[in-house]
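Protein chains in written order, with this note's numbering: chain E, 40 to 264; chain Y, 2 to 247.
Everything labelled a hint here was simulated from the structure, so no lab data went into it. Remember, it's a predicted structure, so these values are computed and weren't measured experimentally. Heads up, a few of these hints could be off.
Simulated pairs of lysine-lysine, DSS-like, Cα-Cα distance not exceeding 25 Å [said to hold, decoys possible]:
#1 Y:LYS244 / E:LYS45
#2 E:LYS233 / Y:LYS17
#3 Y:LYS112 / E:LYS131
#4 Y:LYS12 / E:LYS131
#5 Y:LYS149 / E:LYS233
#6 E:LYS123 / Y:LYS244
#7 E:LYS120 / Y:LYS12
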Amino acid sequence: MSGFFKSSIGRKVSMALSAFFLMFFLLQHLAINILSVFSPDTFNEVSHFMGTNPLVQFALQPVLIFGVVFHFVMGFILELKNRKARNVSYAKNNGGANSSWMSRNMIYSGVAILAFIILHFIDFWFPEINTKFIQGDWSGLHDGQFRYYHELQEKFVNPIRVAAYVIAFVFLGLHLAHGFTSAFQSMGSNAGRKKTLQTIGKAYSIIIPLGFIIVALYHHLNHNH
Amino acid sequence: MNLTLKIWRQKDASSKGQMVDYKVTEISEHMSFLEMMDVLNEQLVNSGEEPVAFDHDCREGICGMCSMYINGEAHGPDRGVTTCQLHMRMFKDGDTITIEPFRAAAFPVLKDLVVDRSSFDRIQHAGGYISVNTSGNTQDANSIPISKHAADEAMDAATCIGCGACVATCKNSSAMLFVGAKVSQYALLPQGQVEAADRVRNMVAQMDLEGFGNCTNTGACEVECPKGISLDNIARMNRELMKASI
Numbered sequence: 040m041s042g043f044f045k046s047s048i049g050r051k052v053s054m055a056l057s058a059f060f061l062m063f064f065l066l067q068h069l070a071i072n073i074l075s076v077f078s079p080d081t082f083n084e085v086s087h088f089m090g091t092n093p094l095v096q097f098a099l100q101p102v103l104i105f106g107v108v109f110h111f112v113m114g115f116i117l118e119l120k121n122r123k124a125r126n127v128s129y130a131k132n133n134g135g136a137n138s139s140w141m142s143r144n145m146i147y148s149g150v151a152i153l154a155f156i157i158l159h160f161i162d163f164w165f166p167e168i169n170t171k172f173i174q175g176d177w178s179g180l181h182d183g184q185f186r187y188y189h190e191l192q193e194k195f196v197n198p199i200r201v202a203a204y205v206i207a208f209v210f211l212g213l214h215l216a217h218g219f220t221s222a223f224q225s226m227g228s229n230a231g232r233k234k235t236l237q238t239i240g241k242a243y244s245i246i247i248p249l250g251f252i253i254v255a256l257y258h259h260l261n262h263n264h
Numbered sequence: 002m003n004l005t006l007k008i009w010r011q012k013d014a015s016s017k018g019q020m021v022d023y024k025v026t027e028i029s030e031h032m033s034f035l036e037m038m039d040v041l042n043e044q045l046v047n048s049g050e051e052p053v054a055f056d057h058d059c060r061e062g063i064c065g066m067c068s069m070y071i072n073g074e075a076h077g078p079d080r081g082v083t084t085c086q087l088h089m090r091m092f093k094d095g096d097t098i099t100i101e102p103f104r105a106a107a108f109p110v111l112k113d114l115v116v117d118r119s120s121f122d123r124i125q126h127a128g129g130y131i132s133v134n135t136s137g138n139t140q141d142a143n144s145i146p147i148s149k150h151a152a153d154e155a156m157d158a159a160t161c162i163g164c165g166a167c168v169a170t171c172k173n174s175s176a177m178l179f180v181g182a183k184v185s186q187y188a189l190l191p192q193g194q195v196e197a198a199d200r201v202r203n204m205v206a207q208m209d210l211e212g213f214g215n216c217t218n219t220g221a222c223e224v225e226c227p228k229g230i231s232l233d234n235i236a237r238m239n240r241e242l243m244k245a246s247i
């Protein structure tokens with residue numbers, strides 16, 4: 040089995056498996072974000088649960104970090120190998136004649152998402168880790184109230200940050216537009232090439248980024264009122 | 002038709018090549034692309050220049066010998082045809098046509114537009130066969146029941162002529178459409194079952210060893226394949242390797 044994951048197909052399968060995991064995570068992340076629009080109190084409670092539950096913090100979180108890092112590292116390794124596989128490039132190449140822009144530029148949409156994740160970690164994840172693991176404050180409280188909703192609002196005051204988030208989500212949409220169905224093909228399923236899953240894939244790659252964009256814009260506009 | 006051709010010229014495998022411009026005149030739109038190349042070569046020979054080397058054999062679209070990357074596409078802009086079946090009516094008078102060899106580290110250029118595709122042969126040798134006792138007691142293949150659907154799919158996969166357009170087209174120079182077709186044509190039939198696990202393992206291992214890239218499911222190979230080999234064959238190969246590895 041270890042030989043399998045060293046083969047070109049095994050690596051492709053491992054990219055697909057990590058992609059499925061990350062796509063499920065995105066769905067879960069968006070669901071919690073949407074709560075912040077409809078009910079700040081519920082958002083606070085769910086955020087506190089996710090931030091302090093031992094199973095989430097010490098089992099799911101490390102798996103998620105591993106999944107993210109793995110998907111990026113393996114993506115870069117495969118890209119380098121693929122570039123080496125063509126040592127002289129074409130003088131004229133008409134890629135648009137036979138494939139989508141999204142499918143040919145997964146590495147660039149991926150790099151844009153990586154840049155976003157670094158910004159997102161600086162914005163939310165590192166301060167969380169600092170509060171809980173360095174300062175040892177697991178109460179989730181600030182001035183006697185849950186701090187999560189307030190922190191979220193504060194982050195979306197700056198229009199430059201909101202613009203950066205929106206651009207990153209557009210790249211996420213482009214990445215998912217190819218990635219969703221591609222993952223099925225890599226797993227050896229023809230389903231990704233059938234109409235049903237292609238429609239679901241299109242819907243997923245539009246709804247997920249659009250959801251994140253709406254939440255970011257909502258808090259930006261709401262805070263200014 | 003009068004055309005300007007930008008053609009990759011390379012003296013031999015170790016030389017550095019370059020694009021060179023040529024003019025050809027009075028090309029009939031009914032000519033095949035290779036016939037147009039013949040006209041150019043006659044012109045070059047008459048003027049004492051070295052003719053452009055290019056691969057060709059049957060000129061009927063079935064041998065898989067011709068190649069060429071024409072205006073940024075393997076076998077040119079037409080669909081479902083090899084370069085020998087590409088007609089000059091696909092181009093317009095006054096056009097500039099860029100002609101390059103198939104590019105991949107696993108397909109080194111030997112001279113001008115001729116590339117070495119023996120890496121495909123080595124992949125075939127690694128497992129693209131079935132072992133049949135031919136000592137006189139071979140069972141009649143027609144006595145083995147095979148569903149029409151499986152037979153059709155196997156035949157579709159077997160129409161691959163191994164030209165390498167999939168590799169040339171793929172942005173990753175991946176050979177997975179070729180190997181997928183070769184694995185599938187046996188995996189779909191009862192005769193292929195006995196050696197199925199070893200076949201896919203060995204062919205994929207050889208493919209990786211030859212330095213082909215990794216498939217990222219762009220689907221470009223399927224579009225450019227002169228035989229219309231489907232991406233379903235790559236999915237099947239992935240399944241076969243998973244099955245063989247568990």
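Results of checking the hints against the structure:
1. The suggested pairing of Y:LYS244 with E:LYS45 holds, with an alpha-carbon distance near 16 Å, which does not exceed 25 Å.
2. Restraint check for E:LYS233 and Y:LYS17: the C-alpha separation of about 45 Å exceeds 25 Å, so the hint is violated.
3. Restraint check for Y:LYS112 and E:LYS131: the C-alpha separation of about 19 Å stays at or below 25 Å, so the hint holds.
4. For the hint linking Y:LYS12 to E:LYS131, the alpha-carbon distance of about 21 Å falls within 25 Å, and the restraint holds.
5. As the CA atoms of Y:LYS149 and E:LYS233 are separated by approximately 22 Å, the hinted pair is consistent with the 25 Å bound.
6. As the CA atoms of E:LYS123 and Y:LYS244 are separated by approximately 29 Å, the hinted pair breaks the 25 Å bound.
7. Taken as a hint, the E:LYS120 and Y:LYS12 pair is broken in the structure, with Cα atoms around 28 Å apart against an allowance of 25 Å.
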